[in-house]
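Colleague: The residues making up each chain are set out below.
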Amino acid sequence: MTDFLLELRSEEIPARMQAKARDDLAKLFTAELAKAGIATSALVTYATPRRLTLIARDLPLETAAVSEEVKGPKTSAPPQALEGFLRKTGLTREQLVDRGGTLFAVTEKPGRATAAVLAEAIPAIIRAFPWPKSMRWGDASASTESLRWVRPLQGIVALLGEEIVPFEIAGIESGAATLGHRFHHPYQITIGGAHDYVEKLRACHVIVDQDERATLIRDHAREAALQAGLELIDDEGLVAENAGLTEWPIPLLGQFDPAFLDVPPEVIQLTARVNQKYFVCRSADGTLANAFVCTANIAAHDGGAKIVEGNRKVLAARLSDAKFFYDTDLKVPLEEQAEKLEKIVFHEKLGTLADKVDRVAKLARWLVEEGIILPGTGRGTSEAGGGGAPRSAAPAENPLHPQPMADGPPPLAGEELADLAERAARLAKADLVTGMVGEFPELQGLMGGYYAAAQGEHPAVAAAIRDHYKPVGQGDDVPTDPVTVAVSLADKLDTLVAFFYGGMPPTGSKDPFALRRAALGVLELLTRNKLRLGLWQAIYRSMTGFTDQRCSSEMPDAAIEEHQASIKRAFDTLPDFFADRLKVQQREAGVRHDLIDAVFALGGEDDLVRLLARVHALQAFVITEDGKNLLAGYKRAANILKKEAPSAPSPPKGEGRGEGRGEGLPSSAAPGTAPHPDPLPGGEREKMLSYTPEPAEAALMTALDSAEPRATAAIAAEDFAAAMAALASLRAPIDAFFDSVIVNDADPAKRSARLALLERVRAAVHNVADFSKIEG
Amino acid sequence: MTQPLKKPLSFQRMILTLHDYWSEHGCLILQPYDMEMGAGTFHTATTLRALGPKPWNAAFVQPCRRPTDGRYGENPNRLQHYYQYQVILKPSPANLQELYLGSLAAIGIDMLKHDIRFVEDDWESPTLGAWGLGWEVWCDGMEVTQFTYFQQMGGFDMKPVAGELTYGLERLAMYIQDKDSVYDLAFNDAGVTYGEVFLENEQEMSKWNFEVADTDSLFEQFRKHVAECENSLSHKLPIPAYEQAIKASHVFNLLQARGVISVAERQAYMGRVRDLAKGACAAWMDKHGWAA
Numbered sequence: 001m002t003d004f005l006l007e008l009r010s011e012e013i014p015a016r017m018q019a020k021a022r023d024d025l026a027k028l029f030t031a032e033l034a035k036a037g038i039a040t041s042a043l044v045t046y047a048t049p050r051r052l053t054l055i056a057r058d059l060p061l062e063t064a065a066v067s068e069e070v071k072g073p074k075t076s077a078p079p080q081a082l083e084g085f086l087r088k089t090g091l092t093r094e095q096l097v098d099r100g101g102t103l104f105a106v107t108e109k110p111g112r113a114t115a116a117v118l119a120e121a122i123p124a125i126i127r128a129f130p131w132p133k134s135m136r137w138g139d140a141s142a143s144t145e146s147l148r149w150v151r152p153l154q155g156i157v158a159l160l161g162e163e164i165v166p167f168e169i170a171g172i173e174s175g176a177a178t179l180g181h182r183f184h185h186p187y188q189i190t191i192g193g194a195h196d197y198v199e200k201l202r203a204c205h206v207i208v209d210q211d212e213r214a215t216l217i218r219d220h221a222r223e224a225a226l227q228a229g230l231e232l233i234d235d236e237g238l239v240a241e242n243a244g245l246t247e248w249p250i251p252l253l254g255q256f257d258p259a260f261l262d263v264p265p266e267v268i269q270l271t272a273r274v275n276q277k278y279f280v281c282r283s284a285d286g287t288l289a290n291a292f293v294c295t296a297n298i299a300a301h302d303g304g305a306k307i308v309e310g311n312r313k314v315l316a317a318r319l320s321d322a323k324f325f326y327d328t329d330l331k332v333p334l335e336e337q338a339e340k341l342e343k344i345v346f347h348e349k350l351g352t353l354a355d356k357v358d359r360v361a362k363l364a365r366w367l368v369e370e371g372i373i374l375p376g377t378g379r380g381t382s383e384a385g386g387g388g389a390p391r392s393a394a395p396a397e398n399p400l401h402p403q404p405m406a407d408g409p410p411p412l413a414g415e416e417l418a419d420l421a422e423r424a425a426r427l428a429k430a431d432l433v434t435g436m437v438g439e440f441p442e443l444q445g446l447m448g449g450y451y452a453a454a455q456g457e458h459p460a461v462a463a464a465i466r467d468h469y470k471p472v473g474q475g476d477d478v479p480t481d482p483v484t485v486a487v488s489l490a491d492k493l494d495t496l497v498a499f500f501y502g503g504m505p506p507t508g509s510k511d512p513f514a515l516r517r518a519a520l521g522v523l524e525l526l527t528r529n530k531l532r533l534g535l536w537q538a539i540y541r542s543m544t545g546f547t548d549q550r551c552s553s554e555m556p557d558a559a560i561e562e563h564q565a566s567i568k569r570a571f572d573t574l575p576d577f578f579a580d581r582l583k584v585q586q587r588e589a590g591v592r593h594d595l596i597d598a599v600f601a602l603g604g605e606d607d608l609v610r611l612l613a614r615v616h617a618l619q620a621f622v623i624t625e626d627g628k629n630l631l632a633g634y635k636r637a638a639n640i641l642k643k644e645a646p647s648a649p650s651p652p653k654g655e656g657r658g659e660g661r662g663e664g665l666p667s668s669a670a671p672g673t674a675p676h677p678d679p680l681p682g683g684e685r686e687k688m689l690s691y692t693p694e695p696a697e698a699a700l701m702t703a704l705d706s707a708e709p710r711a712t713a714a715i716a717a718e719d720f721a722a723a724m725a726a727l728a729s730l731r732a733p734i735d736a737f738f739d740s741v742i743v744n745d746a747d748p749a750k751r752s753a754r755l756a757l758l759e760r761v762r763a764a765v766h767n768v769a770d771f772s773k774i775e776g
Numbered sequence: 001m002t003q004p005l006k007k008p009l010s011f012q013r014m015i016l017t018l019h020d021y022w023s024e025h026g027c028l029i030l031q032p033y034d035m036e037m038g039a040g041t042f043h044t045a046t047t048l049r050a051l052g053p054k055p056w057n058a059a060f061v062q063p064c065r066r067p068t069d070g071r072y073g074e075n076p077n078r079l080q081h082y083y084q085y086q087v088i089l090k091p092s093p094a095n096l097q098e099l100y101l102g103s104l105a106a107i108g109i110d111m112l113k114h115d116i117r118f119v120e121d122d123w124e125s126p127t128l129g130a131w132g133l134g135w136e137v138w139c140d141g142m143e144v145t146q147f148t149y150f151q152q153m154g155g156f157d158m159k160p161v162a163g164e165l166t167y168g169l170e171r172l173a174m175y176i177q178d179k180d181s182v183y184d185l186a187f188n189d190a191g192v193t194y195g196e197v198f199l200e201n202e203q204e205m206s207k208w209n210f211e212v213a214d215t216d217s218l219f220e221q222f223r224k225h226v227a228e229c230e231n232s233l234s235h236k237l238p239i240p241a242y243e244q245a246i247k248a249s250h251v252f253n254l255l256q257a258r259g260v261i262s263v264a265e266r267q268a269y270m271g272r273v274r275d276l277a278k279g280a281c282a283a284w285m286d287k288h289g290w291a292a
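These protein sequence lines are chains W and L, in that order. The UniProt record's numbering puts the first residue of the first sequence at 1, with every later residue one more than the last. The UniProt record's numbering puts the first residue of the second sequence at 1, with every later residue one more than the last.
No wet-lab data here; the hints were simulated from the structure. All C-beta atoms, glycine included, are put in the ideal place defined by N, C-alpha and C. Incorrect hints may appear among the rest.
What the hints assert, rightly or not - Covered stretches of chain L, going by a simulated chain W footprint (3 or more residues, C-beta under 8 angstroms):
#	stretch
1	9-18
2	41-49
As the list claims (entries may be wrong) - Here are the computed lysine-lysine pairs in the DSS-like style, where the Cα-Cα straight-line distance is at most 30 angstroms:
#	chain 1	residue 1	chain 2	residue 2
3	L	K207	W	K331
4	L	K159	W	K133
5	L	K278	W	K510
6	L	K207	W	K343
7	W	K583	W	K642
8	W	K635	W	K470
9	W	K133	W	K27
Chain L on its own, in the form it takes in the complex (with noise of 0.2 angstroms):
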């Protein structure tokens, strides 16, 4: 058995061709939003848009930063700042499975010589008071994607249900590419690594989420952000208010990193923090006229 000859996708040319496929699919091809966030999820193009009755189908790439997963970049795929893929196709089409392996073939990943499954993974945001059903995707072994069917936004039943796939892209990339460290992953087709791009950034943001960042500044930043949240609600701006929802999300996973909160203190941030965020979604429902 040979591999085909052809190239493995790099990093850039992988995202490239998602865009590709799911423009084709009749998706709108969004850009990050430019606020720090630990999923794509937490993007207004999939949070605010998923509620109400209207269709949305829409691609992006989205930067997440999860400050308690850096690893000083020493772990081969650990890393506190990556990139997700997400699409969200709102009323979910009934051939989205088919839909999505199509993406996964159109990456170059052959599925008769890798074991693709669905495994059960009931999703559950509690800081967006949002879950919904599905699986967590796998290719041989390794958690590829996530797969879910929205039934719960902001604490408001989907109507429609809208489908998210969120593709965990240097994953995805290491595996094409036959890469055993996500450091080594070639980012374009002329010899730029992943590592020669984020290294850096790796070490110093794990030392400063875990050692260095003032925690009695975040604790105030906390704060600020859920005062701040509540101001815009009370002028009736939603998204400005989803924005601070988010902000003071990033800095409750700071001071989770930085070790200062305890499992107990842990459920009362989690639900300020869902309180902002579905007083947001309330909000949005409400400017819209859309009843719950």
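Same shape as in the complex, but just chain W (with noise of 0.2 angstroms):
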């Protein structure tokens, strides 16, 4: 047994790559190694900016030998299929052994010295290292086809006990000499093996271990803070990347200027750790503090002194420029940066940002004023669904209600509300045009939200500047301040609504508008905060926008027919677009995707919440034992339906479903008055009958007449529990049915009566899912 060290040296490696490089180099390693039969344990990797490292301990030093056994051709197959294995195995017929009747080619491997096996195995490892992004280099690179790597390879080292395992790839010899620290030992050093390794490297001002670089770093760096008479603000990110930029990291504390610090903290840090790396501070009293911890990758003669220095200047100078842009956008109020949003264009097709604010201010206010968003307790009364059921029941807790503090200002009023969701709407994007997000894309919003504060404007719409951005993809925080969810919700709806308006909705793994997110965003906000939105409405509403923008009496009848094309095409295929980003929500949340087909097959539904409520109670009913058995009779009865009256009429249908569309949200109907096969009710249909029904039979027309109006009226009041607890009923006697009576009756008014009970116990199902699309 005896211990192989692999060191690959190269040019500095991008310190976010290198956690995955020590692990990809541990598994290929591991899979190299099992094709030539030697178990790994006990590896260990290590990464810095320089080199990758690979310790196997114990590795045996040579394979045993293997016996291979290939199954040929029976003795007494055709002469041709024994001729076929001679041509495979390159052996003649003597040397084939016959075990009962069966021939057997047998190579008998005999084992490998482990250093040759390595000798082959690194360079492939080498050839198939999965970096993210690689590149060519040198001389060999006037052919595309030579060695990739993440940076230029630049020396090998591959010990087995003390002894080189020799090879060459791209020209570099594998040998026991690596280098030391670029600045502090830039000469050869040679690495006796894995025994030394470490420790002749520290002698060199290189601390192998990734880890052992972090902590240094994390406590030296608190460390440091702490004799500032500071608090390091945490950020184990840059604690990780400092540890991938450095050898011998070295963390120093520097100050900038204290006027600074009228910038917002949130600028400060961004700069100081996205463009610089450095960890910022905290004073006692928990405010930013003027100082930043910088991380050397050298110990200076001079203690750190003019790095710090010069950090300090790189840092002031980025402040400064900070400064600026906050001190210039301050002295221009928000509505007169918003005026130049009407020179830059949203899209060429789609107009410009200004006409894109001053259709999200409509529809914000509109979402307000229809009492979708309200502001204190209770929750829209407007009939957003169009039609839609009744609504008994008030959800148990509406977030968007706010909790003010004891002495908190009180809940807005309506119409204020909708002034305020207008006003925050109109200077949502005014930030865009100002220096501080030119320089700092990533803090939209934020800064409106800086400069409306500034400039007095209400509290809400500064927060509403500020997040109406969010939820930015999933995991992000969902507004549920009334006047942001207006304003984030009415946005993501207008931009949706755009696009699929001109044409340019996403398409296979484009979404160059972050579409996908939006329709996202646009769920969250219904779902987080409960909005009864009818979608039809809603994007209707929104088209309006265009429409008010676009449409004049003058224009001519080409340019309308367009609008109208335009129209027409965002309604055939935003909807669908939301049902399928609802579903890959839904399953990604953990809902099997065969209910959601379920209820999505009833159509008439685009009230989001509501549609949820239905596919949640349909999670929980379905895997109890009532439910497992009603699907069970359903599915007896939608098969002998199937079987015995291929004309009977398929699963109902919403009115709205339009046709020849998908399993979208179709236009708005009345969810749970799913069409009925038959007008009758229960009683009359059973005076009509020409026969006398069997007790069973009799059973289950009794169950169905007292479980149809419950489960109608459970699911008008939105209690899909209550609906399918009522369906539930039904199960007994639908077992006792089909145990006692036969469908099939020689008698055809039996055998139609009885078919036409079974289709009412399938639309009976159907007011709660499409059951047929359940698996199981």
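Using the supplied hints, reconstruct the complex from the two chains, each of which is provided in its own coordinate frame.
Modeller: Rendered as structure tokens:
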């Protein structure tokens, strides 16, 4: 047994790639050695900016001899089969072994020296290495087939025990020599083996172990802050990044001019972290301090004084740029900035940003005026779905209800909320033309919030400007303040409607306008805040904004036609897009896709909150005994109907379901009133029977008579759990019916009556969800 | 610790030192390209010469114009007109990092007192259809050089790869001379400052770039350069076509400074310039009979 050391030395490896590179190196090494029959355990990997290292402990000196067998044809097989096998194996008939009438090719593979295995494995690993980005370099790059590495590969140490494992790749020969720290020890050092690698390098100012460097940076940075009477603002990302940028890390504290603290702390922290990779500190009172901690890669002769001074200057330059922008921006009211949006094209087909702002402002006001977003308790009273079911049950909580502190402001009145929402929307994009956002685009919104507060806007307006881009992607905070929700929702809806109107939906992996993210944002805003918004109505309303801006009486017919075609296109495609995003969102949240399909298949629902309530109730129901049995009974009924009455109506669809459309969110239609195959009430129907029903048949009818209205009422009250409980009462009668009643009776009257009964069962179940979509 | 008594290099002496250094290391010392451009990379000695199999080693100063970086002469280190020192070495030598560090030593940077770092920065020029991997080189946290191994230019794979070093001359000089403002730099050793040479230029050009330049005229110019580039390409003249692409690129930068191009439109304009530059590169490859 012996240890193997591999060091791949290159020009500086990006910090962010080092951790994965260590994992990949271990994985590839394990796989390559496994191929040769060598099991590896106890692998250690290290990464510094200039080296990627692996130490494998306790490798055998040679691999075990193995005997490989390949099964061939039977001795009785035709001669062609034998010939083929001999060709494949390269053996003669005499060399094959006959075991019970079957021929085998047996190859004895002697053990190999591990060094020889490694000499082949390492170049293979290097060639196959999955760097996220790799490059060619040097003379060899005259061919595009030349070796690729993350940055030019400079040297390889490969030692098994104390012996060099000899190989060559891309002109680099493996050896025992490496280099120390780039500046402290830029000379060759000879490594003895895995046992002295780490310490020899340490002696040459290289700490090989990234975790040791990280600990050192974390501790010394905190210590440096502490000595200045400050508290370091922890940032593990920065610790790891600085560990990936240094071989000999020395954290150093410096201070900047306190005058820069006028600039918002987010700006200072952002520029220090992103641009300079500095930590920042907090004073005893919790506010940002005028200090930074940078991490040098050398132990400077002067203790780092020059380095700190240099870094201070760089930060000062960056902060003075930021302060210049901030002070300049503060002099211009946001209204005035917003006027410049007239000159900025939102998209060449879709007008200017000022146009967009105007649409968003009107839509935000409408969302409040329609009662979709309310200032206080309760929720919207309008029929958002356009004729949806009555709403008797109030939701348990309304996150939009502000929770003022004891002395906080009272909830806004409706009219005031509408004014604030419109005001916030009109100012929300103004910071895009400010100097600060021009310089730091990631500060959009945040800066607008600061500028709004500075010019004395209502706090809710400033907050809405600040947060209206949220949620940005999954996991981001979802706004709950009503003014913010109004602006955020209106902005995203407008963007979606705009690009679908313009015929630019995402295709495949291409989503240049981040429309999927916008749609997800809408969904999260609606569900988080339990907003009762009929999507169709909202899309329609949003579209009106376009019509108002684009159409006039002098418009040529062709332009009007094009506008109308664009509107139709948006209506034809956007609801399906929302439906798809909702499915993705729910699937990612762990909801079974077949249950989502089962509810979507009903159609007729564009109130997402209600739709999701149904999905979630169904999810809870199908895993219960009742649910499983009802599903089984349903499937049996559906199968018989399919077999016996192929002409029977297919599963019901919502009236509003557009023809030829997928399972989108169709136009508004009452979701609780799926068409019934038989218009007659149950009691009437029984009287019309030409025969006396069997007991189980009669029992099922009675059960349906009772369950149907209960389910319908529960659905109308949006109590989907109760609706499903009502259906569950059908389970026993259905089972009994199938046990004792023959559907396919010789009497055509009985047969048709019983098929109608099963149709009733299916229809009743479809009130809740299309169970035919449910798996299992 | 006392500073060496040797006086730090003036701005012009630093340039001459770099010229000497790279001349000794086999580079042609070229002069700036006589057109407005955003970076030394736009010089034909970089873009066009980087293409194809022929070895090419050159160094030159290139004035750069970045209208949006103007600060009316009020920011100590932001300028709309500044100088880059550009070195291009094809194929990239195996010891390029050492050569580069040697040049820093030559202009007086003590690397045991100053923290030199190679920080990942993947360079990409959408307008040139070019990209490469490399670093921004930091000296005590200040980016002083862009260090790139070109992988593609004008959409073509580099065969072989060229190494490109782009030094920010003003920044380096501020460093070496220990000045807080670019305008205080000693331009020469006889007391002339950088501010005396360029402050007025920054003030006037900033005003023009941001406030005065006639945008209708600029839009018109953009269209004309595009047309002229296409005209040149139709006559199989890659160099004139490339010049028109550079001109269009600069006009686009001016339009950006005037704030009349939206984020969405920006992509379209850049795509336009990229197509022109790529067309010129393709014509250049074609003319020399080099396969893509």
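Colleague: Given the hinted pair W:K583 and W:K642, is their Cα-Cα distance within 30 angstroms?
Modeller: 28 angstroms, holds
Colleague: Against the 30 angstroms threshold, does the CA-CA distance of L:K207 and W:K343 hold or violate the hint?
Modeller: 19 angstroms, holds
Colleague: Would the hint linking W:K133 and W:K27 be met if the CA-CA limit is 30 angstroms?
Modeller: Within the cut-off at roughly 19 angstroms; holds.
Colleague: Decide if the proposed pair is consistent with the structure: L:K159 and W:K133, CA atoms, cutoff 30 angstroms inclusive.
Modeller: 18 angstroms, holds
Colleague: Please verify the coverage claim for the stretch 41-49 of chain L: does it have three or more residues whose C-beta sits within 8 angstroms of some C-beta in chain W?
Modeller: With 0 residues in contact (Cβ-Cβ under 8 angstroms with chain W), the coverage given for the stretch 41-49 of chain L is violated.
Colleague: Measure nothing beyond the straight line between the CA atoms of W:K635 and W:K470; if it is 30 angstroms or shorter, mark the hint as holding.
Modeller: 44 angstroms, violated
Colleague: Three residues minimum, CB to CB under 8 angstroms: does the stretch 9-18 of chain L make the cut for coverage by chain W? Let me know.
Modeller: Not satisfied, violated; 0 residues make the cut.
Colleague: Checking one constraint from the list: CA of L:K207 to CA of W:K331, max 30 angstroms. Satisfied?
Modeller: 18 angstroms, holds
Colleague: With the threshold set at 30 angstroms, check whether the alpha-carbon distance from L:K278 to W:K510 stays at or below it.
Modeller: 23 angstroms, holds
Violated hints, listed in ascending order, are 1, 2 and 8; each of the other numbered hints is respected by the structure.
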